[in-house]
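Undergrad: Using the sequences and the hints given, assemble the complete structure.
There are 4 protein chains.
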Amino acid sequence: MKALVYHAPRDIRYDDMSEPMIAAPTDAIVRMELSGICGSDLHIYHGPGFSPANGYAVGHEAVGAVVEVGSGVSRLKVGDKVMISAAVGCGRCRSCLAGHVVRCETGGANCYGLSPALQGCQADLIRVPMADFNAAPIPDGLTAEQALMLTDNTPTAWYGCVNAEISPGKTVAVVGLGPIGLIAVEAAFVMGASKVYAIDLVPERRAIAESMGAVPVDGATALAEMGPLTKMKGVDCVVEASGGDVTIAMGLQLAGIGGIVSVIGVNQSPKFDFPMAMAFFKNTTFKIGTCSVQCHWPELVPLVREGRLHPERMITHTMPLSEGAEAYRLFDAREGGALKMVLTATG
Amino acid sequence: MKALVYHAPRDIRYDDMSEPMIAAPTDAIVRMELSGICGSDLHIYHGPGFSPANGYAVGHEAVGAVVEVGSGVSRLKVGDKVMISAAVGCGRCRSCLAGHVVRCETGGANCYGLSPALQGCQADLIRVPMADFNAAPIPDGLTAEQALMLTDNTPTAWYGCVNAEISPGKTVAVVGLGPIGLIAVEAAFVMGASKVYAIDLVPERRAIAESMGAVPVDGATALAEMGPLTKMKGVDCVVEASGGDVTIAMGLQLAGIGGIVSVIGVNQSPKFDFPMAMAFFKNTTFKIGTCSVQCHWPELVPLVREGRLHPERMITHTMPLSEGAEAYRLFDAREGGALKMVLTATG
Amino acid sequence: MKALVYHAPRDIRYDDMSEPMIAAPTDAIVRMELSGICGSDLHIYHGPGFSPANGYAVGHEAVGAVVEVGSGVSRLKVGDKVMISAAVGCGRCRSCLAGHVVRCETGGANCYGLSPALQGCQADLIRVPMADFNAAPIPDGLTAEQALMLTDNTPTAWYGCVNAEISPGKTVAVVGLGPIGLIAVEAAFVMGASKVYAIDLVPERRAIAESMGAVPVDGATALAEMGPLTKMKGVDCVVEASGGDVTIAMGLQLAGIGGIVSVIGVNQSPKFDFPMAMAFFKNTTFKIGTCSVQCHWPELVPLVREGRLHPERMITHTMPLSEGAEAYRLFDAREGGALKMVLTATG
Amino acid sequence: MKALVYHAPRDIRYDDMSEPMIAAPTDAIVRMELSGICGSDLHIYHGPGFSPANGYAVGHEAVGAVVEVGSGVSRLKVGDKVMISAAVGCGRCRSCLAGHVVRCETGGANCYGLSPALQGCQADLIRVPMADFNAAPIPDGLTAEQALMLTDNTPTAWYGCVNAEISPGKTVAVVGLGPIGLIAVEAAFVMGASKVYAIDLVPERRAIAESMGAVPVDGATALAEMGPLTKMKGVDCVVEASGGDVTIAMGLQLAGIGGIVSVIGVNQSPKFDFPMAMAFFKNTTFKIGTCSVQCHWPELVPLVREGRLHPERMITHTMPLSEGAEAYRLFDAREGGALKMVLTATG
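Chains as they are written, first to last, in this note's numbering: chain A, 493 to 839; chain B, 493 to 839; chain C, 493 to 839; chain D, 493 to 839.
By construction, these hints were calculated from the structure, which means they are not laboratory data. Check the hints yourself; a few may be wrong.
If chains are identical, the list can't say which one is meant, so a pair holds when it fits in one copy or spans any two.
[Claimed, not checked] Here are the simulated lysine-lysine pairs, DSBU-like style, with alpha carbons at most 35 Å apart:
1) 573 with 494
2) 725 with 573
3) 569 with 494
4) 723 with 573
5) 763 with 494
6) 494 with 725
7) 725 with 569
8) 573 with 763
9) 569 with 763
10) 725 with 763
11) 494 with 723
12) 569 with 723
13) 763 with 723
TA: Right, here's the structure in full:
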């Protein structure tokens, strides 16, 4: 089969690769139909990503058709169109039961395409472990594109808003307006935010947020502007969707008394300068972590189906898997307004 | 001064009445500018309402200007434009602290205009007890009409939705589409409902709900229609805003497995035929009660100000206080599409 | 093999029965070591219980050793000592995912031993459907008796307390002091209740509750006594663990302003006289339903292991399965202080 | 009158001072009967504390008798025995209504005895602003010592546990076993913790925690010991009651996957080395802040009255106000097992 394979920084190729096989009775094999490129795939593209290895297939967002199931799979059957959760867990351990799938205690790979441990989804065929738990038939009324957006970006944005404890009447700032940040803007309104400030350096991205009803704020001057905008009270809830030290620090500044700062951007600093005195004075809550995708499907599926969330609108480019290398280049360069890239099956 | 005074069933008159005076240091006197007629005022109009007495001023929804304050009032001052909570409490007892203002343990009247114990708001001047707790300056950015809608109807609709535990992705049925039911439809969407079924016998009211995004369902055939509409699963949350035995029973039927039925309509049956076996089978939660208006202002003020809730759109008629008798007649007869009646100061 | 088989009212016999076999890849077969007799088993004993059938094995509480697993079972292996949840679900449908296992949408039997659809646990061998979801290895540090008490009674008592929204500082009344009611008394304290009133007609049962720290109240005079005891304020939370119309009505009386009444007793009345006017005045919440056992294991296992809950103390009699008929007779007659009966494998 | 007055580091004297007077209609004057010395008073004792000023009365924990009330005080009357909340707010602004009394937006002093802005409670007479909100009659059934412990230490410990989201079955670590940390140990059990690890360098303090049911852990070796004790899983909830950078860092280490770290110790670092990569990996929640005392009285009063919490057991020394200087010296030196010091009225 064919797959996008990581060789070296900025060298991802459309290569031949051996086909995956059922390795446990609970596995399923899925023929990819659509696969997204996620912002975190650029960590790999820039190298060395999350593993020193190379030669593995990348990608962790996909929908497709089941072509084989192990004897222990009871919920999926051959032919089912399925969406695959980027978060991979056993569904049975203490972490999974507590909704921390991405930190499953069984020690398996917790995501596709980060290392050779679990081959990526930007491939013709995908092996899905514990398939009953980690994939689900695409619900009636969802398009394939909508389902694809439910495999990572939408649940991550949602999780960021849930962690920020957004509830009706709250004021919200979203820092960083990539696809996840923009979905967070829409999600904040679904959760009842009275006002959403959308902060980014890129005017085009702010314009999209504004079209959703948010107040656009230039990231370069946000700290100065947000004081008067909030009558010096700051906001109740901050969703940080960028992951930089600077943007996290901004989030902590923007939170008002009793405010909550929720970080969904990837930040791997061993030591971040946390403004403890300010947090103490403001009674701040700070949360960071990654999303257990499938745990959010029960509420997200009806919201997408009924048109209350439109994550599919983030998709700006659809290209065949065979042109994956070019897709990565465009996405990395943000050429042509590239926001969300989707790859289609070759064959 | 002048006030609308209850004399006998269907006999409410624009009468002279002695002016209220400061009776405790925590009182304030407010000159009425707008006063609403509530559905529950019709209980009084039809007689005998909530008290066997007569000769008292009616009405419990008003905004106006403070004209006098007692020495113990610290939050309001003469000249302030204020909104007055229909729920009256001391703000200090166990019930008030737990958010059950309307059941204040100090034993005072818990609402205006239900008896002579606390004269009504459909009057030139209103005495507000414990004014710091039971009234508030109209927040910047709200019109007088919006503030008026925050004195009872909007918080009651909101409380019904809170009690129904509406959260993002849930399906909701609202039974009864008077002003409160219609506001509940809008509120359910603000809380993230994926779908709202709006049930009433009156086509015009269903049409308003439909314009808000709800699925209109004729109350006469609702039980039969809702099965197929919900794929026989019922809804997650029911808000009953009518108060009849039949509509409460319908709400209990419509709730699905684990569903919640929240009644905000007034029902005074000593014995209601509760379908216990069905509730046991469905793990039903049932709630009923009245709203502690001022407890919901913190979240409702920003939602109304930012245009996420539009309760002022319920207002169909505005008439001078002096024509109050005719206003009651129109409202009772539902003439001219009467939905929400507002009375203005005579001048 | 041998099993306790229902033949007719008050006729449960220790009979030969065909051994269960793996019917689906997700099944497991468990050799029973301990099986409890539940209060709801008496519904069957008195006949006709939950089904018009006869000739089926009864019982829904058991621990034992896995003797065979289907190819799709991944969490259990032969030889594991396991506890079996009385609630049986698929773990995948909307109801199961929402924690309503007992109302699983797949339409299978939701419990053992209620009809021939799923043979009971008072038998040498037990077929467990969807075994990964409906059974679990007995956690380290638990005795077999403690694990047995986690298969139904303890989670049901806990669920009743969760539904009653018991939290630190609340006052609680538990109505009905069978094993489940008594565990609810202990659970209420674990949840932080400041005071627990334990109500029953039987002095011995009240004495056990008193030894747990509760205030014992005679059921015959409870309504009269509870007024002065609570300074006429009623209690915050009621757990009804009996199921009679009279005791549910008592629970509704005992709830104070904003109180919550949680019924875990079985009540199948098509029409219960619900005091709507009183509930309206008190802003009452009412809940009824059955427990999804395995959903509560994450919090209950550590509480039992660390000695904060002692459900095993409810066990008054341990008898061999072969003497099951006599065990039922004793339990039904409440002879010898029979509270919780446990049957052991015949050997 | 007499008061303990701060002059310079380690120089607090029993001095003459002018008597306080009613300055606003909402004020009350209280004659002190008992006043506690809090750990945070040592910040002042060590100088310069929270203000560069000197010559002001110190102390923020007191109970006493009302001797005068302004005309706007409705809940208290002369002669009432009252407990005074260390947190001072208006009870009306956005922060107070949201439960952040200590960050009241009206800009008044938020605590007694931190500066001349609001004179301290270690004095014969105390002026209480907004007395209806900031003090309450001592509830029936509480001793004066119990009430005193409700003016700061117990609510602060409780708030730390609430912030740590302790719920039934959770495992907890309390870092720092001063009076507040020890009360947090007891509070954690009231909230249903299955296991509490109590960490401090001082063996006597660990012994007290052990007597409450906690597992004592030496602070010097805690990081090494807690791994095996928790099977390398860490704990669910951490309450940090010391405030040092080292102990906060320890708390972040001890939290398991999805764990919550709640800091109630005072930490004023402008930059704390936050282990962001570790927090990201563990999905950590971090909270810090100060307690809005009076907001926790509704649940704490019944818990103390019913003997579920025993904060009065922390009191090791009771001395007259006139010996306040010596009391501070003993407390600072931890002589004689000094844990909680209480000063009595001189008479």
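Undergrad: Each hint should be assessed against the structure and marked as holding or not.
TA: Verification of the supplied hints:
no. : hint         : verdict
1   : 573 with 494 : within (20 Å within a copy, 46 Å between copies)
2   : 725 with 573 : between (48 Å within a copy, 24 Å between copies)
3   : 569 with 494 : within (24 Å within a copy, 38 Å between copies)
4   : 723 with 573 : between (50 Å within a copy, 22 Å between copies)
5   : 763 with 494 : neither (41 Å within a copy, 50 Å between copies)
6   : 494 with 725 : neither (54 Å within a copy, 40 Å between copies)
7   : 725 with 569 : between (54 Å within a copy, 24 Å between copies)
8   : 573 with 763 : neither (44 Å within a copy, 46 Å between copies)
9   : 569 with 763 : neither (47 Å within a copy, 44 Å between copies)
10  : 725 with 763 : both (28 Å within a copy, 22 Å between copies)
11  : 494 with 723 : neither (56 Å within a copy, 42 Å between copies)
12  : 569 with 723 : between (57 Å within a copy, 23 Å between copies)
13  : 763 with 723 : both (32 Å within a copy, 26 Å between copies)
Violation of the numbered hints given earlier is confined to hints 5, 6, 8, 9, 11; the remaining hints are satisfied by the structure.
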